[in-house]
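K.L.:
Letter by letter, the chains look like this.
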Amino acid sequence: MNARRVMVIAKKEFKDVLRDRRTLIFMVLLPLLVMPVMFLGIAKFAQEQQSKKQSRTLRVAVDSNVEPMITALADQWMAENSPRLMITSAKIGLSFPAAGGDRKGLGTMIEQVRDMMDGGADAASLADLDPDLVESGVRLAREIDPADKALFDDASTISTFRTKTEFILIEDLEPSETRLPAGVEVPDDLPESWDGEQLARAIQDKTIHAAIHLPSNVFDMLEDQRASVPFSVFYDESVSLSEEASDRLAAFARIVGNGLLEMRLADNGLAPQFAEPIVFEGADMATPSRRVQAFLGGLLPYMIIMFSFFGAFYPSLDLTAGEKERFTMETLLLAPVSRMELAAGKFVVVFVAAVVAAVLATTSLGLTFTQGILPQGVAAGFDIQFEPEAVMLTAVLLIPVSALFAAVLLGVALLARSFKEAQSYTAPLQFIVILPAMAAMLPDLEAELHLAWIPFLNVSMLMRELLKGNYLWDFFGITMLSMGLLTLLTIWGASLIFRRETVILRT
Amino acid sequence: MTDSAVMVEAKGLRKVFKGRRGDHTVAVDDLTLTCRAGEVFGLLGPNGAGKTTSLRMLSTVYRPTEGVATIDGHDVTSDPESVRKSIGFLSGNTGLYPRLTAREVLTYFGRLYGMDDGAIEARIAHLAQLLDMDFLEKRCDKMSTGMKQKVNIARTVIHDPAVLVLDEPTAGLDVLAARTIVDFVKDCRTRGKCVIFSTHIMHEVERLCDRLAVIHKGRMQFDGTLEQMRATHGHDLEDAFISVLEAA
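Protein sequences, first through last, are from chains A and B.
Under the numbering used here, residues 1 to 507 are what the first sequence spells out, in order.
Under the numbering used here, residues 1001 to 1248 are what the second sequence spells out, in order.
Fair warning: there could be bad hints in the mix.
In the BS3-like style, the derived pairs of lysine-lysine whose C-alpha atoms are separated by at most 30 Å in a straight line are [stated by the list, open to error]:
| hint | chain 1 | residue 1 | chain 2 | residue 2 |
| --- | --- | --- | --- | --- |
| 1 | B | K1138 | B | K1085 |
| 2 | A | K420 | A | K11 |
| 3 | B | K1142 | A | K15 |
| 4 | B | K1085 | B | K1148 |
| 5 | A | K15 | A | K420 |
| 6 | B | K1011 | B | K1186 |
| 7 | A | K53 | A | K206 |
| 8 | B | K1142 | A | K420 |
| 9 | A | K11 | B | K1085 |
| 10 | B | K1186 | B | K1148 |
| 11 | A | K52 | A | K206 |
| 12 | B | K1018 | B | K1217 |
| 13 | B | K1085 | B | K1011 |
| 14 | A | K420 | B | K1138 |
| 15 | B | K1217 | B | K1011 |
| 16 | B | K1138 | B | K1148 |
| 17 | B | K1142 | A | K11 |
| 18 | A | K468 | A | K44 |
| 19 | A | K206 | A | K44 |
| 20 | B | K1138 | A | K11 |
| 21 | A | K15 | B | K1148 |
| 22 | B | K1085 | A | K15 |
| 23 | A | K420 | B | K1148 |
| 24 | B | K1142 | B | K1186 |
| 25 | B | K1186 | B | K1138 |
| 26 | A | K420 | B | K1018 |
| 27 | B | K1085 | B | K1186 |
| 28 | B | K1138 | A | K15 |
| 29 | B | K1148 | A | K11 |
According to the in silico footprint, chain B covers these stretches of chain A (three or more CB under 8 Å from chain B) [said to hold, decoys possible]:
| hint | stretch |
| --- | --- |
| 30 | 12 to 21 |
| 31 | 324 to 330 |
| 32 | 336 to 343 |
FYI, nobody ran anything at the bench for these hints, they're computed from the structure.
Predicted model only: the values in this text are computed from it and were never measured.
Just so it is clear, CB atoms sit at the ideal spot from N, CA and C, and this is done for glycine as well.
Construct the entire structure; sequences and hints are all you get.
P.N.:
Here it is as structure tokens:
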């Protein structure tokens, strides 16, 4: 084989493929842009979805037997104990039929409080109404919505609390999406009763997002204090907003339950700690950079392998089936170069394209996480550094991967008569690669030595371990041997195909 | 003419293609021909007769199943690279790289033929003048059919080969582009090149060929001069050609 002729062919093929728009897209543009666009897009989309979800007022059906109980429960709390329930429910946005209809239950209670304030009841008289009002209200509000904590920081003075109380009450009486972002409302246009199937359907078609049921003897149970009151919420986890409604109602139940518990403890002269003798305090020792490393360690190998494939894809088709389609293959075969020199020249180009695409994709991924391309919240903690040795060895692994792709794609694409036919031959190959390449994303899959013989899976797992700083030399050796043997075998196979005159001239 | 050097010689060439199911197709059988320097040798035959396969064997693209052939003294089987250096091959199947300019295509093939860059540049300048190519910097995909044909001719002779193999070079061309080819063949003969010219077009045979062979069903049916063919099979060349085919 004459190296000079191989280089003449390779140089010309480089020039040719770099003028091909498809190759440029797959080799340069896609690897460079896909990472920032993907991560930025996903981050923005997730943030938008989350805020959209939180700003929705959700429709919750209440068992017709239960609704009076809930309102009575609220009335009872108002009359006997404290308006804590009022504040709690207002903050999580549980609103009852308001203006225009019969205000009952909580609505009535809220109205009464507002009337008192409108009628000139000052902060002091509110406090007189319930000596615990100020303190408990502030505490619960803190529990419910930590984001609003700042508003209550100065709540030790009666005036601050009063302002806040009024604010909450008005919001609750006039719910709107802008003023009551995380609302739950009970629609007044629902049928009298539903059976289980109708209820499930109503949640599925989003007529309502959830339904509440309480036992009929709820007050007896509360009074008795020997049984927990089941606060049943019917929802559908496959419907995102239904799940959200369930979460909000769970928070409601938890807050009300905590309030009850605290009161019971107080009635018995016990401190809140009595009910919580042990507090679990988990401390995740992983630094943010280690967590990111673990995440990228799974993603990077997959990216490197797939982009190496995509980088090799179009040039390999263009330089084989594309040549046949353009009738330049025969022109080339008439030149004084051997088939092996021809194959080698093309191989060099496809191999380099595969390496370039993988390197660009990895670089782009690195820049995406380190150069402030991502939104603040998403990028937090992404200031990681991989060890230079790990990066070097990862680059070494890229060599057999790219060589294997170049040989396989050139050989298979050469069997085709046209570019289109070659696409249909080679596209399924990516499915053979995707699964083992995804191995690194399975955190529980340990790098056991026998797995080092499985092509691509070995590379994927080894890259993951290297990027985590684990240098598994025996695994590395077997991986290189396995990939090297397969690559040589594939190159030999591709060279046989290049020598078959009926294949190389098939048009 | 008979004193000129033998440039192409084939004896008993046979090409068999193996099918996927183990069947065999004999594309060319027992082809024997001789072609000398300064001679235009016409190869006639209907579609599927085996013309292209024969020319591909002579140009080393196909390896003969049986028989021997030499080009300018080089054996097509044992010394294919020397054979390819000695021939220029032009056919409807020898396309140009659409994304390269004419100059880039010619430079590429010049390098493949082992020429140095200075020699390539001088040769391109010469051919550009000869073929009236003032579009050397134009990409091939932006060229007209006539322009492409000129570049293809230049590509065929960039290394100034002693033997030219032209496989239906005028097929699908308009009158002007076809005329370029015909003029080119005449010029080659004048300069003492050996030309093997395969065609369907009878008046091209009459105008260009010194000798001709008719190939049909993979076998040579006639080999001689135009006069010999007319004497044996009739004055009108087309009638004579059909008569040869019918006799096969």
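K.L.:
State the violated hints by number, sorted upward, taking the hints as numbered earlier in the document.
P.N.:
none
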